[in-house]
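Protein chains in written order, with numbering that gives the first Met the number 0: chain A, 0 to 55; chain B, 0 to 200.
These aren't lab readings, by the way, just hints derived from the structure by calculation. Please note that the accuracy of each hint is not assured.
Sample of chain B residues at the chain A side, in silico, Cβ under 7 Å [said to hold, decoys possible]: (1) Val-24; (2) Pro-26; (3) His-31; (4) Ser-55; (5) Gly-64; (6) Arg-168; (7) Leu-170; (8) Ile-181.
Since this is a predicted model, take the numbers as computed values, not measurements. Backbone N, C-alpha and C define an ideal beta-carbon position, used for all residues, glycine too.
Below are the chains, spelled out letter by letter.
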Amino acid sequence: MPVACRAQAGRQMLEQSGFADVVIGPPVDTFGGAGGESEARLFEVFGYAFLAHKPK
Amino acid sequence: MSDSIPVDPLALREEVKSKYRAVAVDPRGGYHFHTGRPLARRLGYDQAVVAALPDSAVEAFAGVGNPFSLGTLKADERVVDLGSGGGFDCFIAAGQVGPQGRVVGIDMTEEMLGRSRAAATAMGLRNVEFRQGVIEDLPVEDRSADVVISNGVINHCADKRQVFAEVRRVLKPGGRLQFADIANGKEIPAGALRNIDLWTD
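Just chain B, with the same shape it has in the complex:
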């Protein structure tokens, strides 16, 4: 992975916002990726847990893997979700950490925040909170999180090293980052790397 950034980071951010605004408004709109319950099934989430969630908590899910597949969260842990979208992974995390735990979802898209907050309210969850922000500059206190999770979001950021620096800042010593993202087996041509659509589709 190169340190150089072949696209304009601010233009990329606006394009990502636009794409995920569309998903928030119309989760079944027909995208290049799966969404909702079929996606959660494909990615290996516990189907009993997913089935217990209302449609409003699941339908805008657009992750690329399962951040809980390498270990479930522990009771009472403090969790931060980078790019929480419709809140699906936050709701899964909230169930794992229990009522004494705490989950903070960070998202930059008003429409996703509206969706996730409404779903949390509908479920009566008191241990989940959603904050507006970007993951390169997290609105989270230093050394406050036991775990940082994320799903299909870090790859949308041009400056991944800044994201990881922020994760280190908010994690407690000994804390862990468990996330899902995509990776390619074949080299992507330099010309394609400058195509902003490839970063956001």
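Next up, chain A with everything else stripped away, as it sits in the complex:
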């Protein structure tokens, strides 16, 4: 799977990039049952939805 970042680090990067009101959704087991499942489990990789706003 692609090299990921921690979800909260993603929030920090978004805020440092000028976005506000960042929301992160619950984890989704993206790789469960797929070929990449074992690697995903090793690094606790999940899918997340992110929402961020450009200030007015």
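Fit chain B to the known structure of chain A by using the hints.
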């Protein structure tokens, strides 16, 4: 997340292109990730909406989450999709923004662009367009988008801050970025971070 880039960005881009070219040509080829309708079901997409789409619009879908799960798009909105692949999220977005809205998908892979354009034509969609480009340098006008979406693409980019700077450039003031991507709970060892295969598998 570190600002340093442990892999060659251009080599990474070529490797990502190669991987997703394969998905475009053979969506059921057997990858490290799910694809198509089973993946859309796993990620919580509205099954009635997905069922209404032809196979050509769904089968190369290779997202990692659901960018619409934190809010649906509004009628008439202007949308840009970073790394639109086979077009699946663009087609979902097109349905949400309606005929007066506009969706622009950006992808760097010829084979994915060919697939998404063919699917849009087959569906008779007039509010969707696909452009070739990279998401670190978007072929999109300044302050033209209400919403930028993406699904499992930003993590493939070595310079994520440049991607977010581009998103800010194309968004209107007050616009929003809603995307899905993966994140790890355990630290990835430094040696693994230099393994380009881990960025692209």
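Against the structure, the hints come out as follows:
1. Val-24: violated, 18 Å
2. Pro-26: With Cβ-Cβ at 14 Å, over 7 Å, it is violated.
3. His-31: holds, 3 Å
4. Ser-55: violated, 22 Å
5. Gly-64: holds, 4 Å
6. Arg-168: violated, 10 Å
7. Leu-170: holds, 4 Å
8. Ile-181: Since chain A brings a Cβ to about 4 Å from Ile-181 (chain B), closer than 7 Å, the hint holds.
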